[in-house]
Amino acid sequence: MNIDQLHKVKDWLWEIPPSGKMRVPARIYATESMLEQIVEDNAAQQTANVAELPGIVRASFAMPDIHSGYGFPIGGVAAFDINEGIVSPGGVGYDINCGVRLLVSDVDARDIAGHLSHLIDRLFSTIPCGVGGGGNLVLKKAELQKVVSSGAHWAVEHGYGIPEDLQFIEESGCMDDSAPESVSDRAYQRGADQLGTLGSGNHFLEIGFVAEVFDEASAKTMGLELNRITLMIHTGSRGFGHQICDDYLKIMDKAVRKYGISLSDRQLACAPLTSPEAQDYLGAMRCAANFAFANRQIIAHLTRQVFDEVLGKSAGGTHLKTVYDIAHNIAKIEVHEIDGEKRKFCVHRKGATRAFGPGHPELPPLYKNIGQPVLIPGDMGRYSYVLVGTQQAMEETFGSACHGAGRVMSRHQAIKAGRGRDITDELREKGIIVRARSRGTLAEEMSDAYKDVSGVVATCVKAGLTRKVVQIKPLACIKG
Amino acid sequence: MKPKIEYINHTADIGLIVRAPELEQLFVYSAKGMFSLIADTTSSTPDEIRKINVTAEDIVHLMHGWLSELLFVHETEHIIPIEYKISELTERSLIAVIKGCTIQHGNIRLFREIKAVTMHNLEVKFNGTYWEAHVIFDI
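Going down the list, the sequences are from chains E and R.
Per this note's numbering: the first sequence ends with 480, consecutive numbering throughout.
Per this note's numbering: the second sequence ends with 619, consecutive numbering throughout.
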C-alpha cells in the first residue's frame with residue numbers, strides 16, 4: 001500500500017476504491033498530515049483487508065486514531081449483513097469491552113487542591129493495578145456465571161454502586177443473550193480474582209477537571225460544568241476477556257477452512273453469523289462485555305468510597321455521578337437504515353466507540369436530545385474530551401467515532417525516548433500527580449508516545465461524526 | 481551460536497525474535513523473553529514447581545500453546561517462571577517442568593502485563609544452522 005492509492009474525498013476523508021478481493025471501499029477519516037503514518041504503519045492496508053470479508057456493508061472504516069492491530073486495525077469499524085456476513089474475534093480484540101467510564105463530582109477543582117495527593121494515594125492503595133494485581137473479590141465459577149449474565153446489575157445488587165448508574169452505561173450495563181456455557185473454564189479461572197482491578201498497559205484511573213466548555217447546554221445536561229472535578233476509568237474485561245478471544249481465535253481458524261472463507265491475513269479469522277461458531281462466540285463475547293461493565297462499576301464504587309473517606313460524605317449521597325460508560329472493543333447486533341430500509345447488522349468496533357445521534361431509542365432519556373456521550377481519553381499529560389454523537393455518524397459510519405489519541409511511538413521507542421527523564425517529575429511540574437506500579441509503564445505511556453488527541457477529535461468534528469462538549473485536563477493519574 | 485533474544489517494535493505492543501541452535505532452547509528462550517517483558521527475575525529464587533503439557537497441530541501452534549499456557553499459570557497462580565526443563569519435545573507436543581517464584585509484596589520488580597500471545601506474524605522456522613521464532617504480544 002502506498003499513499004497514492006488513497007483518493008481524497010474531502011479534507012478529512014480518504015478512500016481506497018475496491019480492487020482485487022475488496023467487496024467495498026476502505027474509508028479513512030484523517031487529515032492529509034496523518035496519512036503518511038497511517039500508511040507506513042500498515043493500518044491503511046489492514047483497513048483494505050477488512051473490506052474483503054464476506055457480507056461487509058457500505059465500507060471498511062478507519063477513524064483518525066487508527067493504528068496497526070492484528071488483522072483488523074485499531075480504530076476500525078466494520079458492519080456485516082446479518083444473513084450474509086461474519087463475526088470475527090479479531091474485529092473486537094483481546095480486551096473485549098475495553099472501555100471508559102466518566103464520573104463527575106459535586107466538587108470544584110479549586111476546592112480540592114489540598115486533598116488531591118491524599119485522594120490519589122488512597123485510590124492507588126485501594127484499587128489493584130499492575131502485574132499480579134488481583135482484587136479482593138474472588139469468585140467461583142457459579143458466581144462468575146451470574147456476573148457475566150447480568151454485568152453491572154450484579155455489581156449494584158451486591159452493593160457496588162447505585163441503581164441510577166445503570167441507565168448511564170451503554171446497554172444499561174448488561175448485554176442480553178450472553179452464553180456463560182460458551183465460556184471455557186480457563187476464562188473463569190483467569191477472571192476469578194480480577195473483578196475490580198485496573199490492569200496495566202494503557203489502562204488508567206484519572207482525576208481531572210472540566211477545563212473548557214464548548215457546548216454549554218450539552219455540558220449542563222451531563223453535569224460537566226467548568227472546573228468540576230471528573231473521574232475517568234479506562235479498563236476492560238481483563239484476563240477473562242483475553243482468554244475468550246484466544247479460545248475463539250482457534251475456533252475461527254478452523255471455521256475459516258470449514259466454511260471456505262478466503263482471507264488476506266489469518267488474524268481476520270471469522271465465521272458466518274448464521275453458524276454455530278459465530279453464535280457461540282457472540283454469546284461468550286457478551287459474557288466478557290458484561291464482566292467489563294461489572295469491573296468498571298466496582299472500580300467506580302471503590303472510588304466513591306475513597307472520595308467519601310477523604311472529602312467526607314456528600315450531602316447528595318455521593319460525590320460522584322456516572323456521566324456515561326462506553327465500550328470501544330465490541331461487536332453488536334444493531335439496526336441501521338441503509339437505502340431507506342432498516343436492517344440488522346453486526347457492527348464491529350475495535351478501538352472505536354458508538355456515537356449515536358440525538359433521538360436514538362438506546363440513549364438514556366436524559367441524553368435523548370443531545371446525542372450519546374462519546375468519551376475520548378487523551379494522554380496523561382494533556383487532555384481528554386467529551387463529545388456527543390450525531391445523525392451524520394448514524395448515516396455514514398453506523399453511528400461510530402474515534403476512541404482515543406492513538407499511539408505514535410512503539411513501546412520501545414517510548415522507553416528509549418524516556419531514558420534519563422523522570423516522567424513523574426515532568427508531570428509534577430505541569431501540576432499532575434502520577435502513581436504507577438512500574439516506571440517502565442510510565443515511560444511507555446508518556447504523552448510523547450501518543451498523538452495529540454485534539455487533532456483526532458477535530459477531525460471527527462470536521463467530518464460531522466461528533467460534536468465537542470467539554471475538554472478535561474488531568475490532575476492526578478494512576479497507571480498499572 | 482548462543483541463544484539470543486531480540487525485542488521488536490509494534491505500534492501498540494511488543495514482540496520478540498528469538499534465535500537458538502536447538503529447538504528446545506528456542507522454546508526455553510522464547511519463554512524467558514516473554515517473562516523478561518513482565519518482570520525482572522534476575523535475583524529471584526523459585527519456590528513453586530509446575531508441570532506443563534502442551535499439544536498442537538504444528539510447531540507454530542505449539543509455540544503459541546506453550547507461551548499461552550505459561551501466561552495462564554502466571555496469571556491464575558501469580559507465579560513468574562524462572563527455570564525451565566523440557567523433558568519431551570516434538571513438532572506437536574511438549575512436556576516441561578518449570579520452577580517459578582510466587583509474586584509477593586515487593587519481592588519481584590514488575591514491569592507490565594501481557595494480555596495474550598498473538599498469532600500475528602507468528603513464526604517458528606529452521607534457518608539451516610539455527611531455529612528462529614517471531615512472537616508478538618498484546619500488551
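Calculated directly from the structure, the hints in this document are not laboratory data.
Among the hints, erroneous ones may be present.
Mimicking EDC-like on lysine to aspartate or glutamate, the simulated pairs with C-alpha atoms at most 20 Å apart in a straight line are [what the hints assert, rightly or not]:
{"id": "1", "chain 1": "E", "residue 1": "K258", "chain 2": "E", "residue 2": "D247"}
{"id": "2", "chain 1": "E", "residue 1": "K254", "chain 2": "R", "residue 2": "E563"}
{"id": "3", "chain 1": "R", "residue 1": "K531", "chain 2": "E", "residue 2": "D339"}
{"id": "4", "chain 1": "E", "residue 1": "K250", "chain 2": "R", "residue 2": "D538"}
{"id": "5", "chain 1": "R", "residue 1": "K531", "chain 2": "R", "residue 2": "E557"}
{"id": "6", "chain 1": "E", "residue 1": "K250", "chain 2": "R", "residue 2": "E603"}
{"id": "7", "chain 1": "E", "residue 1": "K254", "chain 2": "R", "residue 2": "E504"}
Fair warning: this is a prediction, and the values are worked out from it, not measured in the lab.
Evaluation of the provided hints:
Proximity of K258 of chain E to D247 of chain E is assessed by CA-CA distance (about 17 Å); at most 20 Å being required, the pair is judged to hold. Taking the CA atoms of K254 of chain E and E563 of chain R, the gap is near 34 Å; set against the 20 Å cutoff, the hint is violated. Between K531 of chain R and D339 of chain E the CA atoms are separated by roughly 59 Å; this puts the pair beyond 20 Å, and the hint is violated. Of the pairs offered as hints, the one joining K250 of chain E and D538 of chain R holds, with about 13 Å between alpha carbons and a cut-off of 20 Å not exceeded.
At most 20 Å may separate the alpha-carbon atoms for a hinted pair to count; K531 of chain R and E557 of chain R meet this at roughly 13 Å. Between K250 of chain E and E603 of chain R the alpha-carbon distance is near 16 Å, which keeps this suggested pair within the 20 Å criterion. Among the hinted pairs, K254 of chain E with E504 of chain R is inconsistent with the structure: their alpha-carbon atoms are about 28 Å apart, more than 20 Å.
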